[in-house]
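Based on the sequences and whatever the hints tell you, model everything.
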Amino acid sequence: MNYKFYIAKRFLFSKKDSRFVSFITYISILGITLGVAVLIIAISILSGFEKEILDKVSGLVSHIQIHSFKNEGIPDYSLVIDTIKKSIPEQRGISAYTQREAVIRYKENVEGIVLKGILLESDLSAARFRLIKGEFNVTPVDTIFSRLIIGDKLAQKLNLEPGNKVIIFGLQGIPSPFNAPKIKQFIISGIYETGLRDYDDILIYTDLETTQKLFNLGNNVTGIEMNIENVDKVEETVSKLKILLGYPFYPRSLFKLYKGLFTWVELQKAPTPVILGLIILVATFNIIGTLLMMTLEKTHSIGILKSLGASKSDIMKIFIFDGLIIGFIGIVSGTMLGLGLSLLELKYRFFSLPEIYYMKNVPIFIIPEYIVLICIITFILVFLATLIPSYLASKFEPVKSLRFN
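Heads up: the sequence shown begins at 1 in the numbering used here, then just goes up one per residue.
Please note that a few of the clues may not be correct.
Below, a list of computed lysine-lysine pairs in the DSS-like style, where the Cα atoms sit at most 25 Å apart [as the list claims (entries may be wrong)]:
(1) K360 x K269
(2) K213 x K165
(3) K86 x K182
(4) K56 x K70
(5) K213 x K107
(6) K306 x K9
(7) K213 x K233
(8) K259 x K240
(9) K395 x K9
(10) K85 x K306
(11) K259 x K56
(12) K133 x K56
(13) K259 x K153
(14) K70 x K213
(15) K56 x K256
(16) K259 x K70
(17) K306 x K347
(18) K182 x K165
(19) K395 x K4
(20) K86 x K107
(21) K86 x K233
(22) K256 x K70
(23) K259 x K242
Taking CB as the label site, the calculated pair distances span [said to hold, decoys possible]:
(24) E235 x K182: 36 to 42 Å
(25) V282 x E397: 31 to 37 Å
(26) L257 x G163: 31 to 37 Å
(27) L387 x K51: 36 to 42 Å
(28) L387 x E297: 15 to 21 Å
(29) L384 x V114: 51 to 57 Å
(30) E90 x E111: 34 to 40 Å
Think of the hints as simulated: they come from the structure by calculation, not from any bench.
Every residue, glycine too, gets a C-beta built ideally from N, C-alpha and C.
Printed below as a string of structure tokens:
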């Protein structure tokens, strides 16, 4: 064993020497432990928020939506879809849809909604995977009744269950005696829940043909939606589509469509690591105080080591080892504590959230790269914190040190 490392260990954990130095050593280790643990937990929660919001929104609205500047929507949508499939190899799903505002009525209850008509065989929404009641079936029953899939929040508000019959008024501008809305009867086929309250409350699914008739669209659709392999490259694909399709089409990514939601996540995420990183910074500065007090405590020992031939660099290395030992123990224990608490929350879901956060429980998403980065930065800060007291200890003169009491 390197004698400098051995002496450093003895300085830190010797039971014969000052108990006070040992006490503040443990306090320094605890400070780094808590700092690393809190930062790992915070980063895991914020990453979980970002992933959960992204998964829910992308499942609900697709990665890219293509609309037309013309009021009549998109004619010959099959031709547009074929063009995209041939030119955009990264697409992994594409479908036409209609989406307009409407009013739903059940008994005496009336609510404003967004009615979305889909092609069942190519639909990209995740509502089919989030059904809590009934079945995902939008095929019309007959010429009178079509089927609806509604959100859980709207179902609670209107007191609806699968099998109930409702009426929908298709709005085209401001209703008046000269602009009466079309009326259509529907049967509730299923109820879904995404966890996004604002969307479960208004978005309703039915078949494409029914909505085309309800809103007088003919064979046109209001939009085309598509998913791609890597959502992080969605803006690049949007740029390709703008060049490929040209006027009157305008594609938009889910990050642009729901900019407010993703901006909120970024605002939550940006300052938190900086604020919590200050905890680690303060903890590393505690190491300076610990080593300075140890330097005073071990002045006589430093004199003995120098009189035995230890160089200034040897003394400096001893105290650097002391700081690094404190930092290493703190980082390892902090990482274990942070990961342990994160995994426990992930498995047992101890903490619930109010509905304004779009999810029921605290989300956890552990990214190993972030944890490694936290450990490396903390270790670098610890090393830098050891340099000042180590340098001061190396400057002691042997004769004066031996006389020091």
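Status of each hint after checking the structure:
no.	hint	result
1	K360 x K269	holds (19 Å)
2	K213 x K165	holds (19 Å)
3	K86 x K182	violated (38 Å)
4	K56 x K70	violated (30 Å)
5	K213 x K107	holds (24 Å)
6	K306 x K9	holds (18 Å)
7	K213 x K233	violated (36 Å)
8	K259 x K240	holds (21 Å)
9	K395 x K9	holds (21 Å)
10	K85 x K306	violated (77 Å)
11	K259 x K56	holds (14 Å)
12	K133 x K56	holds (19 Å)
13	K259 x K153	holds (23 Å)
14	K70 x K213	holds (19 Å)
15	K56 x K256	holds (15 Å)
16	K259 x K70	holds (24 Å)
17	K306 x K347	violated (55 Å)
18	K182 x K165	holds (17 Å)
19	K395 x K4	holds (17 Å)
20	K86 x K107	violated (49 Å)
21	K86 x K233	holds (19 Å)
22	K256 x K70	holds (20 Å)
23	K259 x K242	holds (19 Å)
24	E235 x K182: 36 to 42 Å	holds (38 Å)
25	V282 x E397: 31 to 37 Å	holds (33 Å)
26	L257 x G163: 31 to 37 Å	holds (34 Å)
27	L387 x K51: 36 to 42 Å	holds (39 Å)
28	L387 x E297: 15 to 21 Å	holds (19 Å)
29	L384 x V114: 51 to 57 Å	holds (56 Å)
30	E90 x E111: 34 to 40 Å	holds (38 Å)
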